[in-house]
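Asks: Going down the list, the protein sequences come from chains A and B. Going letter by letter, the first sequence gives residues 0 to 77 in numbering that gives the first Met the number 0. Going letter by letter, the second sequence gives residues 0 to 402 in numbering that gives the first Met the number 0.
Just so you know, these hints were derived from the structure itself, not from any lab. Keep in mind the model is a prediction, meaning the values are calculated, not measured. Glycine included, C-beta positions come from ideal geometry on N, C-alpha and C. Among the hints, a few may not be true.
To be verified - DEER-style ranges, computed between Cβ atoms:
no.	chain 1	residue 1	chain 2	residue 2	range
1	B	115	A	12	40 to 50 angstroms
2	A	36	B	31	40 to 50 angstroms
3	B	327	A	69	23 to 33 angstroms
4	B	132	A	12	20 to 30 angstroms
5	A	76	B	134	44 to 54 angstroms
6	B	256	A	69	34 to 44 angstroms
7	B	195	A	77	45 to 55 angstroms
8	A	68	B	324	56 to 66 angstroms
9	A	12	B	114	46 to 56 angstroms
10	B	256	A	6	34 to 44 angstroms
11	B	41	A	33	24 to 34 angstroms
12	A	6	B	41	52 to 62 angstroms
13	B	175	A	42	19 to 29 angstroms
Unchecked claim - Anything over 10 angstroms on all C-beta distances counts as not near chain B; from chain A, calculated:
no.	residue
14	5
15	47
16	59
17	65
18	66
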Amino acid sequence: MAGPDERWAVAIDPAVCIGSGICAATADRYFHLVGGYGEVRESPVAADPLVIDAAESCPVEAILVRHADSGEIVAPTP
Amino acid sequence: MTIVLGALMTVHAYPFRADRLDLDPKYAELRAGEPLSRVQLPFGEEAWLATRYQDVRLVLGDPRFSRAASVGRDEPRHMPQSRVSGMLSMDPPEHTRLRRLIAKAFTARRVEALRPFTLGLADSYVDAMIAKGAPGDLVQDFAEPLPAAVICELLGVPFEDRDRFQVWSEAIISTTSLPPETIVEYYQNLFGYIATLVAKRRAEPEVDDLIGALMRVRDDDDGRLSEQEMVQMIGGLLAAGQETTTSQLPNFFYTLMTFREEWERLVADPALIPGAVEELMRFIPLGVGAAIPRYALEDVAFGDVVVRAGEPVLVSLASANRDPDVFEEPDALNIQRRSNPHIGFGHGAHHCVGAQLARMELQVALTVLTQRLPRLAPAVPPQELTWKSGRLVRALSALPVTW
Ligand code: HEM
Ligand code: SF4
Numbered sequence: 000m001a002g003p004d005e006r007w008a009v010a011i012d013p014a015v016c017i018g019s020g021i022c023a024a025t026a027d028r029y030f031h032l033v034g035g036y037g038e039v040r041e042s043p044v045a046a047d048p049l050v051i052d053a054a055e056s057c058p059v060e061a062i063l064v065r066h067a068d069s070g071e072i073v074a075p076t077p
Numbered sequence: 000m001t002i003v004l005g006a007l008m009t010v011h012a013y014p015f016r017a018d019r020l021d022l023d024p025k026y027a028e029l030r031a032g033e034p035l036s037r038v039q040l041p042f043g044e045e046a047w048l049a050t051r052y053q054d055v056r057l058v059l060g061d062p063r064f065s066r067a068a069s070v071g072r073d074e075p076r077h078m079p080q081s082r083v084s085g086m087l088s089m090d091p092p093e094h095t096r097l098r099r100l101i102a103k104a105f106t107a108r109r110v111e112a113l114r115p116f117t118l119g120l121a122d123s124y125v126d127a128m129i130a131k132g133a134p135g136d137l138v139q140d141f142a143e144p145l146p147a148a149v150i151c152e153l154l155g156v157p158f159e160d161r162d163r164f165q166v167w168s169e170a171i172i173s174t175t176s177l178p179p180e181t182i183v184e185y186y187q188n189l190f191g192y193i194a195t196l197v198a199k200r201r202a203e204p205e206v207d208d209l210i211g212a213l214m215r216v217r218d219d220d221d222g223r224l225s226e227q228e229m230v231q232m233i234g235g236l237l238a239a240g241q242e243t244t245t246s247q248l249p250n251f252f253y254t255l256m257t258f259r260e261e262w263e264r265l266v267a268d269p270a271l272i273p274g275a276v277e278e279l280m281r282f283i284p285l286g287v288g289a290a291i292p293r294y295a296l297e298d299v300a301f302g303d304v305v306v307r308a309g310e311p312v313l314v315s316l317a318s319a320n321r322d323p324d325v326f327e328e329p330d331a332l333n334i335q336r337r338s339n340p341h342i343g344f345g346h347g348a349h350h351c352v353g354a355q356l357a358r359m360e361l362q363v364a365l366t367v368l369t370q371r372l373p374r375l376a377p378a379v380p381p382q383e384l385t386w387k388s389g390r391l392v393r394a395l396s397a398l399p400v401t402w
């Protein structure tokens, strides 16, 4: 999986987010709610499984995590 | 600034009245004048009650409020026995470990794939009602089998066993409708049934349903899921997947009958249905009262009220959903409401895992009923309808209908 220097680009699709608050409650370090909807605090970030936890827990798969260099999708898995 | 402490405040007996689907005006009073109030449920310790939208969201979404801290406390309760709540008694990151394993099966995309199956089922129940002739019972003929069949398909539980597990499922929402010993017995039966099912399924672990998926996680074990956790999770989903939606569906229809012109608009324009589902979720106070307290891990101020570390806070979703600071004309049913950030499915880490599934089922139900039975109407006057009692969730015992 993630190497030590790996960086991930994290984005939330605002058109898809339903404001469940799950990402912010799961991974407060990376996500917060702005005006009731999920937002990424910063991107790219150093690879951290917690980001995947949040992306895999989003009920509408609005969170996309990619390798910052290759653009390859890390989460969500199909 | 004066700081108000709980010990000096009047304690309200709770829950407030929950007559039919009415929301006790007490909530509006508290929201306006005493947004954090003191309440005493029939069992357990005294608690705070939050009634404003912003406060409710804060309590549900902020890591300073914990569910795990309720373990070992005399939790405020509607029933004598303590709760068997699994995931609902954990905080992230422990909660995340379990939740992630099932979240995938309930995403909007996975649920969408079940829509044609659900439509087919709903159609077949309407066919059966028509074949049998009016009056029918919308509860027994439609609202009970539909969510049960869908959750069975998603989990991989045989629907033929419904007569057994549907009875046991009542345990998760019963307060006094069942004696405490029966609740314990039903839980044991439910979990025992699932354990047997899982054991049988060991022979065919590759099947693509949630039981199969969880078994694969369990079998390439890295300590992520214990056998008992798996059984309790499946049992919990089977029960939760039925009781709530089965209760809410007739509530939807009952409400639309009180606002018949909204029903007529749905008949004329099915594109309004998704918005109507959200509005009905907002408008209907499904619970008889707030039920699942969060414990403060540190002191948290709400205006001049301070919730001390270690104190429990109950949150009223129904009251939050009628907060005039957020919803224009909150006490009116408006299926074309432009902004509707209701929290009928909760908020934060425990936001209902079945929310997308319930939405899809409720949309399908309204679509099929409005299109196939546009003249659907109660067969008896509203005052003759009987409501279930002794449960956390409001529901009709039966809803006789003609069409
Ligand atoms: C109209 C139908 C439904 C309503 C109104 C509803 C409402 C809710 C609410 C308000 C919560 C949050 C409780 C809290 O945080 O205190 C919740 C959690 C939950 N719901 Fe639902 N629900 C519905 C349908 C379903 C269905 C169909 C399922 C199962 C597939 C389900 C399974 C769950 C589970 C497992 C949790 C706990 C989640 C966790 O702790 O992470 N619900 N539900
Ligand atoms: S988990 Fe998904 S839907 Fe929920 S707030 Fe975050 S991005 Fe939005």
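Asks: Compare the structure with each hint and give your call.
Replies: Hint check results:
1. For the pair residue 115 of chain B and residue 12 of chain A, the beta carbons lie near 25 angstroms from each other, so the given range of 40 to 50 angstroms is not met.
2. For residue 36 of chain A and residue 31 of chain B, the hinted distance range of 40 to 50 angstroms is not satisfied, since their beta carbons lie about 28 angstroms from each other.
3. In this structure, residue 327 of chain B and residue 69 of chain A break the distance hint of 23 to 33 angstroms, their C-beta atoms being roughly 47 angstroms apart.
4. The beta-carbon spacing between residue 132 of chain B and residue 12 of chain A, approximately 49 angstroms, falls outside the hinted interval of 20 to 30 angstroms.
5. For residue 76 of chain A paired with residue 134 of chain B, a C-beta distance near 49 angstroms keeps the hint of 44 to 54 angstroms intact.
6. About 57 angstroms separates the C-beta atoms of residue 256 of chain B and residue 69 of chain A, a value inconsistent with the hinted range of 34 to 44 angstroms.
7. For residue 195 of chain B and residue 77 of chain A, the hinted distance range of 45 to 55 angstroms is not satisfied, since their beta carbons lie about 32 angstroms from each other.
8. Between residue 68 of chain A and residue 324 of chain B the beta carbon distance is about 46 angstroms. The supplied range of 56 to 66 angstroms is therefore violated.
9. In this structure, residue 12 of chain A and residue 114 of chain B break the distance hint of 46 to 56 angstroms, their C-beta atoms being roughly 21 angstroms apart.
10. Between residue 256 of chain B and residue 6 of chain A the C-beta distance comes to about 56 angstroms, which lies outside the given range of 34 to 44 angstroms.
11. Checked against the given bound of 24 to 34 angstroms, the beta carbons of residue 41 of chain B and residue 33 of chain A, roughly 40 angstroms apart, lie outside it.
12. Taking the beta carbon of each, residue 6 of chain A and residue 41 of chain B are about 54 angstroms apart, inside 52 to 62 angstroms as hinted.
13. Under the hint 19 to 29 angstroms, the C-beta atoms of residue 175 of chain B and residue 42 of chain A, about 51 angstroms apart, miss the expected range.
14. Non-interface call for residue 5 of chain A relative to chain B: holds, since the shortest CB-CB distance, roughly 21 angstroms, exceeds 10 angstroms.
15. Interface exclusion of residue 47 of chain A from chain B stands, the closest Cβ pair being 12 angstroms apart, more than 10 angstroms.
16. At roughly 5 angstroms from the closest C-beta of chain B, the C-beta of residue 59 of chain A falls inside 10 angstroms, breaking its exclusion from the interface.
17. Consistency note on residue 65 of chain A: stated as away from chain B, and its beta-carbon is indeed over 10 angstroms from all of that chain's, at 18 angstroms minimum.
18. Separation of residue 66 of chain A from chain B is adequate, the least Cβ-Cβ distance of about 21 angstroms exceeding the 10 angstroms criterion.
The structure is inconsistent with the numbered hints 1, 2, 3, 4, 6, 7, 8, 9, 10, 11, 13, 16, although it conforms to all the rest.
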